[in-house]
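Peer 1: Below are the chains, spelled out letter by letter.
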Amino acid sequence: GAVVSQHPSWVICKSGTSVKIECRSLDFQATTMFWYRQFPKQSLMLMATSNEGSKATYEQGVEKDKFLINHASLTLSTLTVTSAHPEDSSFYICSASRNRGNEQFFGPGTRLTVL
Amino acid sequence: GQQLNQSPQSMFIQEGEDVSMNCTSSSIFNTWLWYKQDPGEGPVLLIALYKAGELTSNGRLTAQFGITRKDSFLNISASIPSDVGIYFCAGRYNFNKFYFGSGTKLNVKP
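Protein chains in written order, with the numbering used here: chain A, 1 to 115; chain B, 1001 to 1110.
Treat each hint with caution, since some may be false.
Restricting the straight-line Cα-Cα distance to at most 25 Å, the calculated cross-link-like pairs of lysine to any residue (SDA-like) are [said to hold, decoys possible]: (1) A:K66 to A:S9; (2) B:K1105 to A:E22; (3) B:K1109 to A:K66; (4) B:K1070 to B:N1096; (5) B:K1036 to B:S1082; (6) B:K1036 to A:Q38.
Don't read these hints as lab results, they were simulated from the structure. Since the structure is predicted, the reported quantities are computational estimates derived from the model, not experimental observations.
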């Protein structure tokens, strides 16, 4: 149990376009989902926390208009990188929790490359 | 602000050796998690700790929640090549966000 999927696993896009990344909890209902960003050889940086049916809570320094998060159901959250630029290139990882955040289960990550 | 220090940053060991790594925080936590991440993949949860002094094992892995609630340790016994990867600790207080350590890169020589 506790399997989280992400789609796509990698994406290459042109500068100025928008990219949507999906995060799904496959065998449990996730009350809370988290979105992280990870640079090479670095730790995970929390971008935002989202609870089903409510607005996401963004960490300081993360632009909510640039990184749109939707958590429409207990099994799906999406992150949309709007008007992507090369500096947005990174490894984006989601995690899901079924118990108010105790025990986070991570997805496999999405490698975004913006040309 | 909250600081979480993980050490060592990297380790080079011989297959069969035991490994120990730890995390310390500047404030108390009531949850500690340990993850392993392989290149290009998401972290995989290894062990979760919820109580000060708790000692929990998962196969050859053993983790402890420090008595002071400001530290946690992960031990790997009889390491094997597939133990190679980056190990992260994560901790939090109540239902606040998790703070992640900077990671320990483990290299195992066959």
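Peer 1: Go through the numbered hints given earlier and state which of them the structure violates, listing their numbers in rising order.
Peer 2: 2 and 3
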